[in-house]
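Positions 0 to 726 (numbering that gives the first Met the number 0) are the ones given, in order, by the sequence shown.
By construction, these hints were calculated from the structure, which means they are not laboratory data. Cβ coordinates follow ideal geometry from the N, Cα and C atoms, glycine included. One or more hints might be untrue.
Claimed, not checked - DSS-like mimics (lysine-lysine), calculated; alpha carbons at most 30 Å apart, straight line: (1) Lys356 x Lys283; (2) Lys283 x Lys46; (3) Lys356 x Lys366; (4) Lys339 x Lys366; (5) Lys339 x Lys356; (6) Lys283 x Lys366.
As the list claims (entries may be wrong) - Between beta-carbon pairs, the in silico distance windows are: (7) Val170 x Ala326: 51 to 61 Å; (8) Glu711 x Pro522: 49 to 59 Å; (9) Leu458 x Thr403: 38 to 48 Å; (10) Asp354 x Glu310: 29 to 39 Å.
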Amino acid sequence: MPEPTATSPLPRQGQDLIYALDIGTRSVIGMLGRREDGRVRILAMEKLLHAHRVMMDGQIEDIAQVAAAVRTVTDRLEQDAGCRLERACVAAAGRALRTAQGCGTRELPAPEVVTEATVAQLEAAAVAEAERSIHTDEENGQQLLLVGYTATQYRLDGYPLTSLLGHTGRVIEAQVVATFLPGGVIDSLYAVMRRAGLEVASLTLEPIAALNAAIPADLRLLNLCLVDIGAGTSDIAVCRDGSVVGYTMATVAGDEITEALMREYLVDYNSAESIKAQLSQAEKITFTDILGQEQTCSLSQVQAALGPAIELLAREIAQHVLDLNGAAPSALFLAGGGSKLAGLQAAVASALDMDPKRVAVAGGHFKTTSCSDVIDLDDPEYTTPLGIAVSAGLGLVSDSCRVTLNGAPAKLFRSGDLSAMDLLMMNGYTYFDLLGRIGRPLVIQVDGRRTVFYGQPALPARLVINGAEAQPSAIVHPGDVVEFTPAQAGEDCRFTAEQLARRLKVDRLTINGERPSPDAPVPSGAFVVTLGTALASGDRPAAATDASPADLAGQATETAGAGPHPERDEAGVLSPASAPAPAAAPVEPGTAAASAEAAAPADVGTSAAVTAEAHGLPGAGSPAATAESDGRAAGHATAPEAAEPLPAVPAGRPCKVRLNGRDVTLPPKKDGTPHYVMDLLELSGIDFKNARGPVALQVNGSDCLFQQVLQEGDQISIGYEDEVNVP
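Please put together the full structure from these sequences, using the hints given.
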């Protein structure tokens, strides 16, 4: 196959190409295959060891590192296949696997032929019963999600059958074994897939996949057990009488052997893994310990040192098998990389009191369901990835509880009362995808008045279930087809200096005490002072650079009905002439007088502008209020802007701040209004009637106005301009 070039993008993955991805504790294995004559032909395989311990006991811990490994394996396989891989079949594992049995029964009004839809509904009812039993026992509030299930038996009018399809009867039954994992395990797996740029084509459980590869259906009349030993977990499946009895998982596996080597020989994790890999390859093993000393041990010495760890692993496996099966099985297969450990077969046979000849390494039956010219199908290490490929390729993944989301299976579907919102959240969407984000507002101070220009509203999301518009609260049922288009965020509000001047209907302005160019962007939080006269409709504002420091001090406009705006010099410092005069008698913070003073910035008094601001609207006649009638500004559509309502301090809670280096506690205001910087003026020690120079206000190191709301823990400086930095 010719290697694709950079100028020729890879074609998309065909529907018939199966990408099986085994994300294991120690490595990531990817396989590509196609269905061929009732089997899956493996076309390519790639394996990559994790550089660090990024997973523990089957649980993903470092999402970024695992996703990077998945992406590397995917890139290599794309070169082999000559196409872009977009969908992968995966299997889940974890340290908290739970299983439950369920039974579904349906009595038909008259004898009729059983269809696939009828079987799907029957299995869904059985899964729902299993789910109800498992969720009554959830611990620590951890949500358990359905990962997969296996139909163990069907009955038609009381008679057991291996399949109900095509039969005619009145009473049909289905028994299932359903498997569940904590939501966190599934979420982390999906997070890795999204970060690696892949969709989940199918999801099953690792022991289910391993069983489908190692023990064909025609052997399940026997009481057989499969133990797939990975690095972090040992997955166990048991079958008898033609059906699967159940699944379980032990969190004792190959890592226990690695850790035993680390303790015995004082080596790091990677060195211990290297020693373990050499156990079946060499009679002498050489390594360097953490002290820098080189050691050489014979194979027999290492095996003797590992004896207790192997015995512990065998006993743990045996106990789980006995708990699941009730007794020792007729035969047991060991699979996975850990099955190659010398002495393990005999130890497991001894722990189960079985004939050692009835404990074997899996691999002999792989050719029943798969074939390949690129890998050795007798290698037990490939049990899980082969099982994932076989399960997907031969349709062995139970999907009666599946719904389709945007053309792909949403495998995280849970039976029972599941809303469309639940489904979307399980598949990576968020509340913002449903509601959308309003464009970011532009919040500025216009002539001492906090003004908000809002961004564009979001374009709404669209949710369709089975071709009809639906609400997020709608219940989703098995087999439903869901189409979801996320909401699109609205445009942020942006102005240039010229656009803002036009919006405020003035011919000149300054921003943060400077004279901006007409095309200069207005930053959020800017201090804006309007200059000159109001424009007639359609007039073009003069360049803002025409303003001078004299303009700033002497040409500040007055808001109609709102009194003069406080004058500030070019640096934005409050001048003595414009500072608010204190009350004739001291005003105690928290009193009604103080509240009234806080509600009336500067010399506003009780004008209509104050009444409007108390309701979060711009004062009458203010530039912001005047701009409201303008509708849209310079191509940027905005909602009618308003002075953003300030957060109220809850009644009954004081506000603790730090003023000029000392702690100050402001008593709560009875009406619940917030505290302002101006509430601290009388405590600053400055006689504003006889101020000797300009006064500067700072909150948390930034210049501010006296109307700024105080928050708990704020650091405030109120002093003469040459003293504002004094702690």
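_Hint compliance check: list the failing hint numbers for this structure, sorted ascending._
Numbers 6, 7, 8, 9 and 10 - these are the hints that the structure violates, sorted from lowest upward.
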